[in-house]
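Q: If you want the building blocks of each chain, they are given just below.
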Amino acid sequence: MSAFLQYTLQGLAAGGFYALSALGLAVIFGVLGVVNFSHGACYMLGAVISAVLLAELHVGFWVALVVVPILMFGFGVLMERLLVRWLLALDPLYNFLLTFGLTLILVEAVKQKYGVSGLPYEVPAGLGGQVSIGSVNLSVYAIFACLFSVVVCVAVGLLLTKTRIGMIVRASTEAPERTRALGINVGRWVTPVFGFGIALAGLAGVLAAPTRAITAEMGSNFIIILFAVVVIGGLGSILGAVVAGFLVGLVEAYGIAYAPTYAQIVIFVLMALVVLVRPSGLFGREEVA
Amino acid sequence: MRSRTVQGTVAIAATASLALAACGSGAGGPQSGGSGKLTDDKIVIGLLNDQSGVYKDLSGPNSKTAIELAIADYKAKYGDKAVAKTIEIVTADHQNKADVANSKAQEMYDRQKADIILDVPNSAAALAVATQAANKKKLYINIGAGTTKLTGESCNKYTFHWAYNTAMLARGTAGTITKEGGTSWNIVYPDYAFGQDMNKSFTKEVTAAGGSVGQSIASPFPSDNFATFITKAGEGSPKVIGSMHAGGDLINFVKQFNQSSLKGKAQLAVGLMFITDIHSLGVDQFAGTQFTDAWYWNFDDQNKKWADRFKEKTNTRPSFAHAANYSAAMNYLEAVQEAGTDDADAVVGKLEGKKINDVFLRNGEVRKADHAVTHDVYLAKVKSSAPEEWDYEDIVKTIPAAEAYGEANPACKMG
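Residue numbers (our numbering), protein chains in the order written: chain A, 235 to 523; chain B, 709 to 1123.
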């Protein structure tokens, strides 16, 4: 029983991180209808920038947690202005291919500059070690990452559903003509929303830095799991991404516990089942998706 | 309608990413043609390795510097009496793809007139080049790859395996740690050919040394999240947790192991580790980890002196692969000198059975039966802090050549 509890808590801890990592993907999906394949590369950039800030400017984890998303926001704005914007009117496949190409460029550029063996990064002071709850042990950092992720997800969810800005953003994308007729400049919101999604990817990267290998390829595998999370949750649904993040974390943990070889396959079996039963995902709305 | 298009795109995205991840490379088929005659008054050494991918830091372009040092030493040693007056190096990047390695090797042997190819990390690429060497009847000394097939099923007259192999790593690490009291193991290994081989070899050696392996857990490759695997590996409270991962997976594993409750309770043993891994993750993250090293630059004065020469040229310390490239090139040139020709068969004859003591090989021998180059190897323990950059290892024990390499591989039928 304690083993089961241990795996459950570990799954939840991983799930929180998955939710945050998938959140930016879901926001850009949901609001702009862009399949941003470069999300994994932006996540990698977030981690690499944190490591470089630490090594070269002695900027620690807590500052990076604020600075890196701001830098990545800027990067996202540039990306939208210079590239993504021009393909928005076309089939979503065009932007998918664009961001796919961008991924290859970013990964190779980081390889050129920082090599292939990876960059060092340590667990920030105060977040090292373990906590024991009964017979269950969890790493302090994993708990922190999970709680932090949940707070960010809830804040983003509230921002989009409960605030005036969120309302305008949603209206601009769901019914652009009618929103424009109300005197709102629809195009104005596209750039910041995209930048915001990229900033979230960067934030997930910072959060990953102390606990994962920081290499140019770190996002290449991770993006696959994130796509699964977003598809299971429902395209563009913030709540869906969060719930699916936890679900995938749990499924993965139980998979590892009871059938380790199939741990990753289980995630995609879950994805296939969800798509079969509910093509728009757990929380996706048919008409918006 | 938009929902369908987006849905379709996502399906493509997911499929594309899966396909990308699954993208591997098949081994290149054997090629025919090419006779062995070549002299044109010079020796051409081909360096074929990974110049841009995961093994770049471990060997890569700096191995060329190591070979240049060998050429300089050879010339200094023989002066006017040198058989090889002109020695050239040609290099190529095999990108860790067996098919690229296969065609580059062919190009080196045929068009660039290479007399020998060195290095070739990545087992699939290494085996492809072995086939080329056999077909072209030209020399090939592998350094960077770990597969025992090079001196087993795929062995041939022209192929030598200079530095290490997976069976040696298992004997060194698993055998020694088990004998020293680490009798109960749980192993986590990446679920592909290399990881499965390592798991088998380690399990065999732990058992042979009187220990037991409670669980062998396969992890998907590649993988980011090892926290749960580590918890599972801790079940049954083993004394030793063996990680058979390499590269980014290894770093993920170690980082997450250090954050787990097993840190301090179980000893971490790593199947395959290079000094470049320690350098990239930081010495404190790996502190206390034991592994088998084929060579260490700060082991004694002889190694240190060579490492200083290497550092002058590259501004970094050598890995064992760099030292092995030096040793292989030097001994090849010595064999040419002895044979008085670059004729491959004559040179092979001089190399076979040769006993060598040099900066890389201690109690070394080019074993005639399977062309494995056996030598003393070292059980290393990562220091808790580095007195200087790259000074990361304490050598716990020298493992004698015979113990490390065992008997010649019976699967090798030298044709």
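Hints were generated in silico from the structure; no laboratory data involved. Hints may be right or wrong, so weigh each one.
Stated by the list, open to error - In the DSSO-like style, the derived pairs of lysine-lysine whose C-alpha atoms are separated by at most 27 angstroms in a straight line are:
no.: 1; chain 1: A; residue 1: K345; chain 2: B; residue 2: K1019
no.: 2; chain 1: B; residue 1: K1021; chain 2: A; residue 2: K347
no.: 3; chain 1: A; residue 1: K347; chain 2: B; residue 2: K793
no.: 4; chain 1: A; residue 1: K345; chain 2: B; residue 2: K1021
no.: 5; chain 1: B; residue 1: K793; chain 2: B; residue 2: K1105
no.: 6; chain 1: B; residue 1: K1105; chain 2: B; residue 2: K1063
Stated by the list, open to error - Anything over 10 angstroms on all C-beta distances counts as not near chain B; from chain A, calculated:
no.: 7; residue: A237
no.: 8; residue: W296
no.: 9; residue: S373
no.: 10; residue: Y375
no.: 11; residue: V385
no.: 12; residue: A389
no.: 13; residue: T413
no.: 14; residue: A415
no.: 15; residue: M452
no.: 16; residue: I459
no.: 17; residue: I490
As the list claims (entries may be wrong) - Chain A regions said to be covered by chain B (calculated; three or more residues, Cβ under 8 angstroms):
no.: 18; segment: 243–256
no.: 19; segment: 340–350
Being a predicted model, the structure only gives us computed values, none of them experimental. Don't be surprised by glycine CBs; every beta carbon is placed ideally from N, CA and C.
Q: Determine for every hint whether it applies to the structure shown.
A: Results of checking the hints against the structure:
no., hint, result
1, A/K345 - B/K1019, "23 angstroms, holds"
2, B/K1021 - A/K347, "20 angstroms, holds"
3, A/K347 - B/K793, "38 angstroms, violated"
4, A/K345 - B/K1021, "23 angstroms, holds"
5, B/K793 - B/K1105, "41 angstroms, violated"
6, B/K1105 - B/K1063, "22 angstroms, holds"
7, A237, "7 angstroms, violated"
8, W296, "18 angstroms, holds"
9, S373, "4 angstroms, violated"
10, Y375, "6 angstroms, violated"
11, V385, "21 angstroms, holds"
12, A389, "24 angstroms, holds"
13, T413, "16 angstroms, holds"
14, A415, "20 angstroms, holds"
15, M452, "7 angstroms, violated"
16, I459, "8 angstroms, violated"
17, I490, "4 angstroms, violated"
18, 243–256, "holds (count 4)"
19, 340–350, "holds (count 3)"
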